[in-house]
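Can you make the complete structure from the sequences, with help from the hints?
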Amino acid sequence: MSYDTLTGRTAVVTGAASGMGEATARLLASHGVRVALLARRAERLTQLASEIEAAGGQALAVVTDVTDPASVEAATARVHAAYGQVDLVVNAAGVMLPNPITDGRSDEWQRMLDTNVAGALRVIRAFTPDLIAVAESGRTADLVNVSSIGAHIPFPNYAVYGATKAALTYLSQSLRTELGPRDVRVTNIEPGLTDTELGGHIDNAELSGQLDGMFDALTGLSADDIADLIAYTTSRARHVNLRQAIVLPTRQA
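In the numbering used here, the protein residues as written are 1 to 253.
These aren't lab readings, by the way, just hints derived from the structure by calculation. Given the structure is predicted, the values throughout are model-derived calculations rather than measurements. Errors might be hidden in some of the hints.
Computed Cβ-Cβ distance ranges for the label pairs, DEER-style [said to hold, decoys possible]:
| hint | residue 1 | residue 2 | range |
| --- | --- | --- | --- |
| 1 | P129 | Q210 | 41 to 47 angstroms |
| 2 | E178 | D68 | 22 to 28 angstroms |
| 3 | G138 | D225 | 14 to 20 angstroms |
| 4 | D107 | A217 | 28 to 34 angstroms |
| 5 | D107 | G56 | 51 to 57 angstroms |
| 6 | G180 | Y232 | 39 to 45 angstroms |
| 7 | T5 | D107 | 39 to 45 angstroms |
| 8 | T46 | D195 | 22 to 28 angstroms |
| 9 | Q244 | I132 | 38 to 44 angstroms |
| 10 | E136 | G56 | 28 to 34 angstroms |
| 11 | E43 | P129 | 30 to 36 angstroms |
| 12 | A74 | A237 | 33 to 39 angstroms |
All residues carry an ideal CB built from backbone N, CA and C; glycine is no exception.
What follows is the structure, given as structure tokens:
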């Protein structure tokens with residue numbers, strides 16, 4: 001697959017320290033995209049930026065906590081100072097903390113809401129003016145939100161996580177009505193079982209074991225699979241919007 005149309009674009013990728021965000025940043029950079037890497041873990045971001053640059057790409061490590069408005073504002077200023085306008089935004093930051101609702105883990109609920117919903121909104125608010133301006137100039141502008149199959153299919157003990165992803169899916173749908181008429185594409189990616197660090201956040205041994213069993217039975221996707229889909233989506237002709245993609249392992253119903 002040719003992604004030549006990506007060359008020369010400027011992207012912001014959140015959650016870039018690992019998983020889908022990291023894989024997406026690497027792939028975009030390999031096709032000539034200047035990539036701003038946003039995540040909390042400075043050491044990982046610095047290492048990733050160094051590896052991208054060693055491979056001939058351009059990357060900017062920007063330590064950012066999407067749950068903190070001031071951190072997002074500071075990151076936005078740094079990206080603009082280094083790269084100017086952004087024409088591609090990938091919201092890949094996320095956290096998954098499943099537990100029975102009866103456990104009342106309000107700390108986990110708040111963390112998922114702050115990261116998966118409010119964090120995405122902060123990034124959207126920061127860079128949507130860029131996307132609109134880019135589109136008005138006749139260039140391609142993309143907003144990609146990484147949601148989950150959990151937005152549609154309920155899983156026991158994942159109620160709050162699924163609710164946050166359903167919110168992100170709805171947000172993407174609604175934003176298309178606002179931004180589509182202004183030639184800004186909005187794409188919602190909904191992966192199924194995917195091998196990332198999300199599973200490592202789970203502190204419930206039973207649920208962690210269930211997830212491991214699913215990987216054994218279903219052969220999950222890789223983060224690179226999701227990155228490839230994002231690159232494909234954002235490299236289409238600017239009048240073509242792949243609005244929503246549900247991507248599952250073949251064995252996952």
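Hints, one by one, checked against the model:
1. Between P129 and Q210 the CB atoms are about 43 angstroms apart, so this pair conforms to the stated range of 41 to 47 angstroms.
2. Between E178 and D68 the CB atoms are about 26 angstroms apart, so this pair conforms to the stated range of 22 to 28 angstroms.
3. Checked against the hint of 14 to 20 angstroms, the C-beta distance between G138 and D225 comes to roughly 32 angstroms, which is inconsistent with it.
4. For D107 paired with A217, a C-beta distance near 31 angstroms keeps the hint of 28 to 34 angstroms intact.
5. Between D107 and G56 the beta carbons are some 43 angstroms apart, a value that contradicts the proposed interval 51 to 57 angstroms.
6. Range check, G180 to Y232: about 19 angstroms between beta-carbon atoms, so the 39 to 45 angstroms window is missed.
7. Checked against the hint of 39 to 45 angstroms, the pair T5 and D107 passes, with Cβ atoms roughly 44 angstroms apart.
8. Roughly 24 angstroms separates the CB atoms of T46 and D195, a value that falls within the hinted 22 to 28 angstroms.
9. Taking the beta carbon of each, Q244 and I132 are about 21 angstroms apart, not inside 38 to 44 angstroms as hinted.
10. Taken as a hint, the range 28 to 34 angstroms holds for the pair E136 and G56, whose Cβ atoms sit roughly 32 angstroms apart.
11. Take E43 and P129: their Cβ atoms lie about 31 angstroms apart, and the range 30 to 36 angstroms holds.
12. The hint said 33 to 39 angstroms for the Cβ distance between A74 and A237, and at roughly 35 angstroms that hint holds.
Going down the numbered hints, you'll see the structure goes against 3, 5, 6, 9, while the others check out.
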